[in-house]
Structures are given as structure tokens and as C-alpha cells.
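Quick mapping for you: the protein sequence lines, in order, are chains H and D.
Under our numbering, the residues of the first sequence are numbered 1 to 306, in order.
Under our numbering, the residues of the second sequence are numbered 1 to 306, in order.
By construction, these hints were calculated from the structure, which means they are not laboratory data.
We put the beta carbon where it would ideally sit given N, CA and C, even for glycine.
Here are the computed lysine-lysine pairs in the DSS-like style, where the Cα-Cα straight-line distance is at most 25 Å:
no.: 1; chain 1: H; residue 1: 195; chain 2: D; residue 2: 180
no.: 2; chain 1: D; residue 1: 190; chain 2: H; residue 2: 190
no.: 3; chain 1: H; residue 1: 297; chain 2: D; residue 2: 213
no.: 4; chain 1: D; residue 1: 195; chain 2: H; residue 2: 136
no.: 5; chain 1: D; residue 1: 136; chain 2: H; residue 2: 195
Counterexamples of contact, computed for chain H against chain D with all Cβ distances above 12 Å:
no.: 6; residue: 52
no.: 7; residue: 59
no.: 8; residue: 123
no.: 9; residue: 182
no.: 10; residue: 294
no.: 11; residue: 297
The residues making up each chain are set out below.
Number of protein chains: 2
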Amino acid sequence: MPKKIRVHCPATIANLVCGFDVLGLCLEAPYDIMEVSLLDEPVIRISSADGYPLPSDPAQNTAGAPLIEMMKEIEENIGFEVVIHKHIKPGSGLGSSAASAAGAVVAANKLLGERFSNEDLLRFAMFGEKVASGVKHADNVAPCIYGGITLIRSIHPLDVVALSAPELYVTVVHPQIEVKTSDARQILRKEVLLKDAIKQWGNIAGLVAGFLKNDYALIGRSLEDVIIEPVRSILIPGFDEVKSLCKEAGALGGGISGSGPSLFMLNQEESIAHKNEEIMQEVFKKLGIEYKTYVTKVNKNGVVEV
Amino acid sequence: MPKKIRVHCPATIANLVCGFDVLGLCLEAPYDIMEVSLLDEPVIRISSADGYPLPSDPAQNTAGAPLIEMMKEIEENIGFEVVIHKHIKPGSGLGSSAASAAGAVVAANKLLGERFSNEDLLRFAMFGEKVASGVKHADNVAPCIYGGITLIRSIHPLDVVALSAPELYVTVVHPQIEVKTSDARQILRKEVLLKDAIKQWGNIAGLVAGFLKNDYALIGRSLEDVIIEPVRSILIPGFDEVKSLCKEAGALGGGISGSGPSLFMLNQEESIAHKNEEIMQEVFKKLGIEYKTYVTKVNKNGVVEV
Chain H
1 MPKKIRVHCP ATIANLVCGF DVLGLCLEAP YDIMEVSLLD EPVIRISSAD GYPLPSDPAQ
61 NTAGAPLIEM MKEIEENIGF EVVIHKHIKP GSGLGSSAAS AAGAVVAANK LLGERFSNED
121 LLRFAMFGEK VASGVKHADN VAPCIYGGIT LIRSIHPLDV VALSAPELYV TVVHPQIEVK
181 TSDARQILRK EVLLKDAIKQ WGNIAGLVAG FLKNDYALIG RSLEDVIIEP VRSILIPGFD
241 EVKSLCKEAG ALGGGISGSG PSLFMLNQEE SIAHKNEEIM QEVFKKLGIE YKTYVTKVNK
301 NGVVEV
Chain D
1 MPKKIRVHCP ATIANLVCGF DVLGLCLEAP YDIMEVSLLD EPVIRISSAD GYPLPSDPAQ
61 NTAGAPLIEM MKEIEENIGF EVVIHKHIKP GSGLGSSAAS AAGAVVAANK LLGERFSNED
121 LLRFAMFGEK VASGVKHADN VAPCIYGGIT LIRSIHPLDV VALSAPELYV TVVHPQIEVK
181 TSDARQILRK EVLLKDAIKQ WGNIAGLVAG FLKNDYALIG RSLEDVIIEP VRSILIPGFD
241 EVKSLCKEAG ALGGGISGSG PSLFMLNQEE SIAHKNEEIM QEVFKKLGIE YKTYVTKVNK
301 NGVVEV
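Can you build the whole structure from these sequences, using the hints too?
So this is what it looks like as C-alpha cells:
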């Protein structure tokens with residue numbers, strides 16, 4: 001059994017426009033790098049390779065809390081040392097906390113000879129999300145662990161469905177503004193119109209069918225959100241312009257990544273994904289907002305050893 | 001070109017538990033029989049072979065209104081005579097009006113050398129639903145025309161997605177009580193909790209994935225409705241007992257067909273479908289309610305010439 005491994009912990013896009021709280025997609029870039037070592041004493045030590053300050057109590061850390069849960073189900077006298085190279089900016093809406101939580105448990109499981117199932121790992125990793133945002137949601141950690149596109153059909157009981165999809169190029173822009181997940185959640189209404197909910201479940205059903213049937217046009221038509229986006233997009237300057245210009249340029253569709261502020265567009269063609277990137281850069285340059293862009297693909301593997 | 005044809009117009013199940021207003025499934029039984037003749041004058045004549053009284057104005061008839069719409073797009077001086085053998089009871093929740101509307105336009109289109117697309121036919125047939133219930137819904141006419149299982153992703157613009165599925169045996173019971181579609185719609189709340197809507201779109205996404213991935217267990221887990229069923233099932237005596245006993249006997253799941261009062265259960269095994277039938281018969285016998293049951297399968301063809 002190796003005593004130390006190194007993993008890539010990818011960014012993820014939660015919600016996927018019409019799949020609020022249930023759909024997620026794993027990206028090839030950006031990703032964190034994490035080094036995890038097996039210790040022969042029951043402690044958890046976590047540090048940042050970049051000098052980023054972390055909570056000293058592992059229970060308060062997004063990588064630590066999942067490891068504590070995992071250790072509750074292990075009889076041996078072991079612990080873990082984790083060094084995180086953070087490349088996914090916290091607060092970007094790209095699943096930074098999920099990458100830490102998922103990376104820690106996938107790496108630890110490899111060090112332990114793969115004794116836990118993906119579903120176990122997901123269950124542990126959700127404790128990291130609870131530390132990060134107060135909610136034990138799974139729409140980022142699931143695609144980060146399983147890879148590809150995942151549906152969380154239900155949280156209680158946990159039911160994860162892996163969805164195949166045709167090749168997709170993803171353009172992402174992270175405008176360097178702050179949108180807190182808790183704020184993005186608070187501005188949502190607790191009740192929605194039944195007629196809007198019907199539109200939304202027509203769209204998510206269409207999106208899932210589009211993925212599984214490799215039907216790009218159907219994916220594009222289904223990427224519509226009549227409930228969350230009209231409220232949350234107000235928090236993100238440039239949203240309408242980015243979306244309409246990218247779709248005009250040939251993007252299938254897209255929207256807010258997680259609770260934002262990052263935006264993403266899905267594309268059938270790599271060349272259009274690059275055009276989308278230029279559009280995003282121009283919009284945020286004009287707005288005078290710092291940004292970072294990525295042209296990437298769906299990552300079918302999730303967290304992997306490197 | 002034939003001057004007269006005879007078609008089978010099958011029953012359909014709308015909603016499919018978690019797909020309110022968007023999902024529908026075509027059944028092999030029961031079905032109406034319809035004879036449609038091409039006339040050389042621009043009239044529509046509709047009669048019932050069983051002496052069932054029909055509105056004399058074709059515009060007020062579920063088969064007539066769609067034919068009127070079709071004739072608006074035809075330049076020739078032609079008309080249709082329609083004789084309906086009604087076997088799907090109006091008010092059963094099994095798409096009786098949709099069978100008449102879909103049967104009429106599919107038959108007429110065959111008499112005209114198939115000049116209209118399925119999407120055109122659906123557009124026409126929806127006028128029959130408007131006559132029947134006041135709402136131009138498509139969740140029965142779409143599976144009746146396309147066959148199999150259909151998703152109406154959107155009504156404006158019309159977007160129909162055909163969904164493949166593994167072999168399914170369907171048990172249906174029609175308790176002979178009256179539930180008016182308009183009543184069944186009125187008792188629904190116009191607003192729903194966002195957290196319930198999220199459960200519902202998790203389930204419809206799971207159901208669509210289950211169909212397309214031939215995953216019976218996922219189909220079963222996804223057949224859950226937290227929004228419509230808790231309200232509508234109150235109108236149907238025996239509902240809870242039928243559902244829980246059938247599931248105990250091995251049914252994947254099921255619920256109210258359309259707006260009821262018919263109930264249905266989906267099954268992987270034919271033998272369990274027959275057990276479900278016995279359960280349904282016992283429940284309604286005990287309640288002293290007349291009933292009719294069917295053990296049937298998904299009809300992949302929709303309206304067909306016979």
C-alpha cells in the first residue's frame with residue numbers, strides 16, 4: 001500500500017441551468033492538486049502549499065471534515081496528512097470546496113486499498129460541503145467523485161445516477177466579483193408557480209434525454225431556467241450579454257455555474273468554445289471586471305491519481 | 001389513394017406520476033376503432049357506431065375540431081366522414097378524447113398520402129383536447145400519435161421528444177367513478193414549494209434516465225410524485241391501498257393515470273402485472289365500486305391502420 005499519493009481534484013459545474021440542486025458536471029480544468037499521506041496515528045493535518053490560511057481544526061476544514069467521517073468507519077489507528085495546492089478559487093462557483101472534499105476522500109480511499117464505494121465517498125464528502133456552505137449538498141461532490149455528468153435524484157436516501165453525454169466543450173468565465181452561496185440561496189423565493197415548475201421539469205427531462213440520446217440540439221433547447229436564473233443573474237454583471245452573444249455565436253446554451261459568479265457555456269464545436277471565450281473576455285474587459293477564462297471539456301474521470 | 005381506412009386509436013397514460021403535464025405513455029389496450037372516409041366535398045360528418053350521442057357541430061367534437069384545423073391547410077375540396085367505435089370510456093383518465101383526436105388526424109393523413117408530419121398532426125389534434133377539456137394539452141395526443149413514451153419538453157414552441165424504454169407491463173384499473181379533469185385541475189395549488197419542485201425534477205430526470213438506460217430499479221425509485229398525487233389521490237377511493245399493495249407485490253411503481261380516476265402500475269414482469277390486476281380487483285370489490293382492469297404493454301406504434 002502506498003504511503004503517499006497525489007491527485008488532481010477537478011472543478012465542477014452544479015445545477016446546469018435547469019437542474020438546480022440535482023445536476024452537476026465535472027470539468028477537465030481548472031483543478032486543484034492534493035498530496036495525501038497515510039499516517040500511523042489518528043490525526044488529520046491539513047496545510048496549504050500556497051500559504052493560504054486554513055482553519056486549524058480539521059473539523060472546520062472542507063477536506064478535514066470528510067476524512068473525520070471516513071475515520072469513524074475505520075478501525076485501524078491511522079490518520080492523514082493533506083497538502084492542498086489550490087487552483088480553483090474559493091467563491092468562484094466552480095466547486096472549490098467540493099474539489100477539496102472529494103479529493104481528500106478519493107485519495108484516502110486509494111491509500112486504504114479502495115475499501116469504500118463511490119457512494120460511501122460521496123457520503124463522507126458531503127460533510128465538507130456542510131462545513132463550506134452550511135448545506136450538505138451533493139451536486140458538486142458527486143460529479144467530482146464519479147466524473148462526467150451526475151444526477152442526484154434524491155438526497156434522502158442518497159441516489160446518484162451517472163449520465164452519459166456526447167462530447168462537449170465547455171467555456172467558463174470567472175469574473176472576480178464575490179457572490180456568497182448563502183446570499184445566492186437567500187434571494188430565492190421559497191415558493192414557485194406550478195406553471196414555472198412544469199416548464200422546469202420539462203426542461204430537465206429534455207436535458208437528460210439530450211445527454212443520453214447524444215442530441216445536441218435538444219441539449220441546447222433544454223438549457224433554459226425559468227426559476228433560478230431570472231433571480232440570481234441579477235447578481236452577475238454582464239450575464240445577459242455573455243449569454244445572448246455566446247448563443248448567437250453558436251453555443252448550445254449555458255448559464256450560471258453553481259451559485260455564481262462564474263458563467264459557463266456548452267458547445268458542440270471546439271472552435272465555438274474559443275469564440276465564446278473571446279466574447280466573455282470582451283464583455284468583462286468592457287465592464288472593467290477582472291476575470292479568468294477556461295476552454296475545457298467534460299472530465300469523465302473525476303478525481304484521479306497523477 | 002384509399003377512400004376509406006380503419007384505425008386503432010389507443011388509450012394513453014398522461015403524467016406518469018412525476019411528469020405532470022409533460023410525460024405520456026401509449027397503451028396497447030384499450031383502444032377505439034375509427035373508420036374514416038375521404039369525401040369530395042368540404043364537410044365533416046362524425047357519428048358513433050355505438051349510438052353514443054355526439055355534438056352535431058364538428059367544431060365541438062374532439063375528432064372534428066382537429067380535422068377542421070387540418071382542412072385549413074389543404075387546398076383541395078375535400079372532407080371526411082368519421083365513424084367512432086368508442087371503447088375507451090370518456091372520463092376514465094385514459095385519454096379517450098386524445099384517441100379520437102389523434103385517430104382522426106392520423107387516419108385523415110393516411111387518406112391524403114401522408115402529407116403532414118407527426119408534429120403537424122399533433123398540432124391539429126391538440127384542438128381536440130381543447131374542445132374536450134378547455135386546455136390544448138399534448139401529453140395524451142403526443143404518445144397516441146408517436147407511440148411509446150413521449151416528453152413534451154415545451155408547448156410554446158411545441159417540442160416533443162420520443163423516449164425509448166425497456167419492455168414494461170402495465171396494469172390499469174378504471175374504477176367507475178367520476179373525476180372531472182377540470183375539478184382535478186382546480187384543486188391543485190397554483191404555487192408549490194421550491195423544495196418540492198426540486199424533488200419532482202430530480203424524479204422526472206431519474207425517470208427519463210431510467211427509461212433511456214433500461215434501468216428498471218431507477219424507473220421504480222423515480223416513480224414518486226410529491227406535488228400532484230398527494231392532492232389528487234384524495235379524489236380516488238382505494239388509491240393508497242392499491243398503490244402500496246401493488247408495490248409490495250413487486251410493481252415498479254405507478255399512480256393516477258392523467259387526472260384519474262384510472263390508476264396504473266408499471267411492471268418488469270408480466271406475472272406481477274397480473275398479480276397487480278388481482279389486487280386492484282379485490283380493493284374495488286371491497287369498496288363496492290364497479291371497475292374495469294387491463295393488463296397490457298407499452299404500445300410502440302400509436303394509432304395504426306388495421
